[in-house]
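Chemist: All chains, please: the whole structure from these sequences, using the hints.
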Amino acid sequence: MMSKGEIVLGCLAPHPPHLVYAENPPQNEAYSEGGWETLRWGYARLARKLKKIDYDVIVIFTPHWQTYIGTHFLGLPEFKSKSVDPIFPNLFRFNYDLKVDVDLAEKMREAADETGIITKMMTNPDFRVDYGTITSCHLLNPDWDKPIVTISSNRNTDYYSPEVMIEQASALGRACAKAIEESGKRVVLVSSHSLSHRHFVTESPLPEDMSLEHIYNHSQYVWDMKIIDLMRQGKSREVIDIMPEYTEQTIAETEGGGLIWMMAAMGHPDYSAEIYGYQSVIGTGNLIASWDPNDETREYVL
Amino acid sequence: MAEEMNEPEILFGIYCPPHPHPLLCPEANEGYGKLRSAYDACRKRIEESEADLILIYSTTWPSIVGHQIQALENPVWTHVDDDFHYLGSMPYDFKMDVDFANGYASAAEKRGLHSRTVAYDGFPIDTGSVVALQLLNPDNRIPACIVSSNMYANRAETIVLGKAARDVLAEQGKKAIVVVVASLSNRMFTEHIDEVDDRIHSQKDDDWNRKILEFFAAGRLEDLSQLSRDIHGQIRVSKVVAYKPAWWMAATMGQHNNYAGEVLAYEALHGSGGAVITLTPTDGSFGDKEFDEDDVEFYHGDRDVLDKGML
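So the sequences go chain by chain: E and W. Position in the first sequence (first residue = 1) + 4 = this note's numbering. Position in the second sequence (first residue = 1) + 173 = this note's numbering.
Careful: at least some of the hints might be erroneous.
[As the list claims (entries may be wrong)] Keeping only pairs whose Cα atoms sit at most 16 Å apart, straight-line, the calculated EDC-like set for lysine to aspartate or glutamate is:
(1) W:412 with E:252
(2) E:103 with E:82
(3) E:124 with W:364
(4) W:348 with W:180
(5) E:124 with W:255
(6) W:412 with E:162
(7) E:84 with E:149
(8) E:86 with W:294
(9) E:124 with W:367
(10) W:348 with W:225
(11) W:348 with W:272
What the hints contain is simulated information worked out from the structure, not anything from laboratory work. Because the structure is a prediction, the values reported are computed rather than measured.
Modeler: Rendered as structure tokens:
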């Protein structure tokens, strides 16, 4: 009899392309002199933890695959192409070659469909995988030796309200958790997004000039710290409860539903999040954090 | 006449929807077919014109770092829409006017805007631009330029961006066709539908769309520009801060109401309002206009009102 699948880790993994740019991986065409080390070193630390965890697949929820007609899942086993960031093409032109766990994607889609969520498998081979997926997955697993499943962000906040987003993304999270359990697989969940999300609309001549990097305004910072403090205290339910106000006040990228989805899938953890780093990127607030359900391996990182 | 006044020569404007249905499945719904026919009529008019340039403002190309302008001379890719991937792929092979793109970026900077060109192999040209260029200019007979829609930009910035387009059109002496790619009401159905059953999402959206079309048909583009904030509040899903295409189109085409307007088609596209409209400058039509807000020539950026205080 197949053992139950489980979520072995949940990661909040922001995706500013600046971080990949700063790493200078061979897949990226742009060249940098570095930058944003607080986040990059935090990512490196979390990537090392992941190397010690036994898991089969990364399931990532991305706000840069924006769908207005339901939730979509990548549905072909391989995608190989070049991702060029439409906002920062000067920084991110990444040649990717990735594998998808289509079986798990199908199971999650079916489970979501059974709960009444509108769903669609994406099976067009010309489809270009979004840069949020690529950035977060690359920084968590630079070897790209695990298959992924990408879930699109259904834009409920835009179409309805943050409260509807909470209901929908939570239902999706519970459905995905059920599918994971039935799959027998060990899964790492990734919620790919920033916290506060107001950008500067200009860019310095050298984007990695850290003397010019700072949070857009102090209000964004205070709100981000409030959220992080709740995460440290293991109050994930409260994080979701104040999400509508937080999202409105900080134009937070939580509006895409990723963190809500992940917290629901993980049963709203009441244990402390592992904090790996917080830093601004072109004015936005970015946190790397993880939730480790295993009491024995959970760490106090920062 | 236009040259004497150092005014740009804009042959006509086109307002058209970004959805891929008229390109990928015009046969799936009678309305999609009508939109396709309207695109075809525009294509024919473009072919018969003496245009040097097709200038596109696309609401499905959002930017953050200023205003981005496509400057790769020959972008080639196969595009797939995020939502409508199941309708098929959209291969493209376009010809861009690099001189104009560079000139536009410079003109925008001179008016206080942050702007930059993008010229990268594989850059993701957006669905709206791909649909418009494939249907309006399939043989690349006329070079094009595409400008993004900055997600934070509001009225002043967008109007100045339009005026910058006029500056460079006049400077380079190019005759242009101005294309805005945007829906009217943009609320789509949030479930998958049988295309045969497509309709405007709500009666309210349809009512507003038809009122907007009355203005377009009467050539009252500047009046529509003045109504942009109301349109945004009534029939636009708040994905961005404002409904900007009428601001840009009016500013680019001269801020008046003297056009011969023609609504070639108005149909539903997965619930949203899609219309193909032409506006041709004329001496007649509605001359009167009312400016409710400042006419902006130069963008000064944030006004730092919080730093200045009350005293």
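Chemist: Now tell me, hint by hint, if it's right for this structure.
Modeler: Status of the hints after comparison with the structure:
1. For the hint linking residue 412 (chain W) to residue 252 (chain E), the alpha-carbon distance of about 13 Å falls within 16 Å, and the restraint holds.
2. Pair hint residue 103 (chain E) plus residue 82 (chain E) holds up; C-alpha atoms about 5 Å apart against a cutoff of 16 Å.
3. For the hint pairing residue 124 (chain E) with residue 364 (chain W), the CA-to-CA distance comes to about 10 Å; that is within 16 Å, so the pair holds.
4. Straight-line distance between C-alpha atoms of residue 348 (chain W) and residue 180 (chain W) comes to about 11 Å, which keeps the hinted pair within the 16 Å bound.
5. Simply put, residue 124 (chain E) and residue 255 (chain W) have alpha-carbon atoms about 11 Å apart, close enough for the 16 Å limit, and the pair holds.
6. At roughly 6 Å between alpha-carbon atoms, residue 412 (chain W) and residue 162 (chain E) fall within 16 Å of each other, so this suggested pair holds.
7. For the proposed pair residue 84 (chain E) and residue 149 (chain E), the alpha carbon gap of about 15 Å is at most 16 Å, so the pair holds.
8. At roughly 9 Å between alpha-carbon atoms, residue 86 (chain E) and residue 294 (chain W) fall within 16 Å of each other, so this suggested pair holds.
9. Between residue 124 (chain E) and residue 367 (chain W) the CA atoms are separated by roughly 14 Å; this keeps the pair inside 16 Å, and the hint holds.
10. Proposed proximity of residue 348 (chain W) and residue 225 (chain W) is supported: the alpha carbons are some 5 Å apart, at most 16 Å.
11. For the hint linking residue 348 (chain W) to residue 272 (chain W), the alpha-carbon distance of about 14 Å falls within 16 Å, and the restraint holds.
In this structure, none of the earlier numbered hints is contradicted; all agree with it.
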